[in-house]
Amino acid sequence: MIKINNLSKKIRRRRVLNNINAELKGITGILGPNGAGKTTLMKIIASVEKGDGDTEIIYKKKNDNEVKIGFLPQNFYIYPNLTVMNVLKLLSTLQEMYDEDHLERLLNQLALTEYRNEKMKNLSGGTLQRVGIAQALLNKPDYLIIDEPTTGLDINECIKLRTTLLSISREVDIIISSHIPEDITSICNHLIVIEQGEKIFEGGLKEIIEKSNGLTYETVVHRSGISELNRIGSILKVGQLSDNKLKVRILTKTPLLDGPFKEVKPDFLSGYVSLLKGEK
Amino acid sequence: MLNILKIKFKGLNLLLKLLALFYILEFSFIVLKVFDNANTIFLFTQLIFVPLFGILVLCLFYDLFATKSSTFLYTFYRGKAYKVYLLCLGLYMMPLLMLCVLISICYEPFNSLAAFFLLSSQVLLFSTLSLIIFILLSDMSITISLFILYISAEVATFGENNYLYHMFYMDLHQMVSFSNVSSTLVLNLIIGLLGYKVFKSIVA
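Residue numbers (the working numbering), protein chains in the order written: chain X, 174 to 453; chain W, 20 to 223.
Bear in mind the hints are in silico, worked out from the structure with no lab data behind them.
Glycine included, each C-beta is placed from N, C-alpha and C at the ideal position.
Treat the hints loosely; a few may be bogus.
Think about it this way: if two alpha-carbon atoms lie no more than 30 Å apart in a straight line, the pair counts; the simulated DSS-like pairs of lysine-lysine are [unchecked claim]:
hint: 1; chain 1: X; residue 1: Lys450; chain 2: X; residue 2: Lys176
hint: 2; chain 1: X; residue 1: Lys313; chain 2: X; residue 2: Lys384
hint: 3; chain 1: X; residue 1: Lys438; chain 2: X; residue 2: Lys420
hint: 4; chain 1: X; residue 1: Lys176; chain 2: X; residue 2: Lys198
hint: 5; chain 1: W; residue 1: Lys87; chain 2: X; residue 2: Lys313
hint: 6; chain 1: X; residue 1: Lys450; chain 2: X; residue 2: Lys418
hint: 7; chain 1: W; residue 1: Lys216; chain 2: X; residue 2: Lys294
hint: 8; chain 1: W; residue 1: Lys87; chain 2: X; residue 2: Lys183
hint: 9; chain 1: X; residue 1: Lys292; chain 2: W; residue 2: Lys52
hint: 10; chain 1: X; residue 1: Lys223; chain 2: X; residue 2: Lys198
hint: 11; chain 1: X; residue 1: Lys223; chain 2: W; residue 2: Lys102
hint: 12; chain 1: X; residue 1: Lys294; chain 2: W; residue 2: Lys25
hint: 13; chain 1: W; residue 1: Lys87; chain 2: X; residue 2: Lys223
hint: 14; chain 1: X; residue 1: Lys313; chain 2: W; residue 2: Lys29
hint: 15; chain 1: X; residue 1: Lys450; chain 2: X; residue 2: Lys435
hint: 16; chain 1: W; residue 1: Lys27; chain 2: X; residue 2: Lys294
Far from chain W by the CB rule (all over 10 Å, computed), these chain X residues [claimed, not checked]:
hint: 17; residue: Val221
hint: 18; residue: Glu222
hint: 19; residue: Lys233
hint: 20; residue: Lys234
hint: 21; residue: Asn238
hint: 22; residue: Asn248
hint: 23; residue: Asn259
hint: 24; residue: Ser297
hint: 25; residue: Ile405
hint: 26; residue: Val421
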């Protein structure tokens, strides 16, 4: 478990994070819109950057050994002219953790064996991210901190990466940040939502879903009626029924109940949006 | 540390090949006595190998100072970057010592030790200043352009421009000896060591 106390950070006089207190346990997801301060928060947790003033990060240890952290930054792309194997060798040597067997195990675990002699510049986005995870696991960390791992990946690569993270989560505590709710719901059991540098939620997935109880509706509208719906609430999902008819899921406090609106069971997305909109 | 250098050099193949080519050419020029004057060949040695080491260290630390991953990679290099630099400097100077000895064998009374120390001080000064400029600007092309400008100005004025610091020994008549190069050597060394101190404090 990682305990964060009074975490604040100013960058060029702009307050990016404001007095965040949280406990990161199990597989924690940090969710928030773009520019919320997730990357800065992740860098501070990973000790790449320092927080301001009274910031305190307490890493609870499982044993007496030093706490080790693996970090995968956003847009991981380094040493384009080196092969995957050489990059991993270089980074493990720099950490003084070079272990041939462990390296081979990681290549196997992350399905990178066939890419070991491939140059970094020739890898796809998904493979690059897996190399990124491999480098983060080089020091056999207690905590794996991953910043926006699915940015720029296609749907297949996203699914593959989430599966990989799930399999790794058995061995190491993972803290993952994302602005994509699916990244979080697929693997996390604890969640922190930040917006404009402030923590606005901490808890389980269930609790966030409950935030939109009684606020989630579905309706069928003509294509031209979409703008009308936008005025009364936040559209969560649009499905096409025919050329002109759309099935819309909407988050609203004021549904036109005499119309064709039907209350539906809320899901994670509706809970997350209601949180961001401050609906409840 | 040697393993780190070995792997990093794999990404600098072209530059290392160029370096090897210059060594071979210089070696041949000395053995074949292409130039009558030892100072001419020593001047070429300075003008080729001093800036080349500057470029080599810029490429070596490019990842650390000029990429989006700099802050992330910095966590790996903490306390090691200056050791990598020193090792690279040591390895680079070995063949240069051989060149200096070879010049003294082929062209008497050339003082190989004085030449080697002078060359070492120039390499130290040039590389540390290049690194500091590179760290400040985070741009390799501007850094290289600046030192091309400096070398061009030095060559064009043959080391007599009053507004420039003269790190090279450009006298073609007086043979290289400790008495001739001592003032340049000491000044280079002082500025070079100061530069190294600044570089070390930035990366440590």
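* Since X/Lys233 was said not to touch the interface, does its Cβ keep a gap of more than 10 Å from each Cβ of chain W? -> holds (21 Å)
* Pair hint outcome, X/Lys223 versus X/Lys198 [Cα-Cα no greater than 30 Å] -> Holds, at roughly 21 Å.
* Hey, X/Lys176 versus X/Lys198, does the alpha-carbon distance stay inside 30 Å? -> holds (9 Å)
* Do the alpha carbons of X/Lys313 and X/Lys384 lie within 30 Å of each other, as the hint requires? -> Roughly 38 Å between the alpha carbons, so the hint for X/Lys313 and X/Lys384 is violated.
* Measuring Cβ to Cβ, find out whether X/Ile405 lies farther than 10 Å from everything in chain W. => holds (42 Å)
* Asked: Looking at X/Asn238 again, its CB stays over 10 Å from all of chain W?
  -> X/Asn238 clear of chain W: closest Cβ-Cβ about 19 Å, beyond 10 Å.
* Asked: Taking 10 Å as the cut and beta carbons as the points, is X/Val421 off the interface with chain W?
  -> Holds: least Cβ distance 40 Å, greater than 10 Å.
* Given pair status - X/Lys294, W/Lys27, alpha carbons within 30 Å -> Given that 30 Å is the threshold and the Cα spacing comes to 16 Å, the pair holds.
* To do: Would you check whether the claim that X/Glu222 is not at the interface survives, using Cβ distances to chain W and the 10 Å cut-off?
  => violated (7 Å)
* Asked: Is the straight-line distance between the alpha-carbon of X/Lys223 and that of W/Lys102 30 Å or less?
  -> holds (25 Å)
* Is the hinted pair W/Lys87 and X/Lys183 satisfied, with a Cα-Cα distance of at most 30 Å? -> Holds, at about 20 Å.
* Are the Cα positions of X/Lys450 and X/Lys176 separated by 30 Å at most? -> Since the Cα atoms of X/Lys450 and X/Lys176 sit roughly 27 Å apart, the hinted pair holds (cutoff 30 Å).
The structure fails to meet hints 2, 7, 9, 17, 18, 22, 23 from the earlier list, while all remaining hints are met.
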